[in-house]
Amino acid sequence: MISPDKAKLDEIGEAMTALAPDGWHLLVLEATGAGDMARGELFAIMNDGGPRTKIHIDPNGVIALLELREDMYTDGIGTWYNATFRLPAGGKIAAEFDYHSPPYGGIATDDPASDGEADPGVLLKDQKLYPRDEGHLPAWHPARTITSI
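For the working numbering, count along the sequence shown from 1 and bump the result up by 954.
Check before you lean on any hint, since a few could be wrong.
Pairwise CB distance ranges, derived in the manner of DEER restraints [said to hold, decoys possible]:
1) 972 to 1083: 24 to 30 angstroms
2) 1004 to 1073: 19 to 25 angstroms
3) 976 to 1066: 22 to 28 angstroms
4) 1094 to 1005: 30 to 36 angstroms
5) 1010 to 1085: 32 to 38 angstroms
6) 1044 to 955: 27 to 33 angstroms
7) 1066 to 1031: 33 to 39 angstroms
8) 968 to 1094: 29 to 35 angstroms
9) 1013 to 1052: 19 to 25 angstroms
Think of the hints as simulated: they come from the structure by calculation, not from any bench. Please read all numbers here as calculations on a predicted model, not as lab measurements. The beta-carbon is built from N, C-alpha and C at its ideal position, and this holds for glycine as well.
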């Protein structure tokens, strides 16, 4: 798997801080993506010890997430579905990448108890854009059903 480009991580870090409130000590960006879509939820942990607060991310950050997914693609392995970025005040951004868990909280179904929002069609598009060989395609992926028929 390819390491993330430092300049792209810095760009994401700048987008995280652009709209952050005064008095934060840690920013956490929880990102998810598939196909040509990505979403990020940004949270600030404040110096006062209160609960984490959801804040807006600069739109350039979402563009940078899409570019990072593309940049980190490896033939046969794919790219990440989920990532967490942590930026402490005065520190350097750190990132963790998840290549195995479904994006968007799981696959969208008709089950009202399901929190999953990942459309199977978007996941199939992701497989076309960032192909994974069978050994790297998760068991939950809808492309597995198609190839096993």
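Each hint tested on the structure:
no. : hint                             : verdict
1   : 972 to 1083: 24 to 30 angstroms  : 28 angstroms, holds
2   : 1004 to 1073: 19 to 25 angstroms : 35 angstroms, violated
3   : 976 to 1066: 22 to 28 angstroms  : 41 angstroms, violated
4   : 1094 to 1005: 30 to 36 angstroms : 32 angstroms, holds
5   : 1010 to 1085: 32 to 38 angstroms : 34 angstroms, holds
6   : 1044 to 955: 27 to 33 angstroms  : 29 angstroms, holds
7   : 1066 to 1031: 33 to 39 angstroms : 35 angstroms, holds
8   : 968 to 1094: 29 to 35 angstroms  : 34 angstroms, holds
9   : 1013 to 1052: 19 to 25 angstroms : 23 angstroms, holds
The earlier numbered hints that this structure contradicts are 2, 3.
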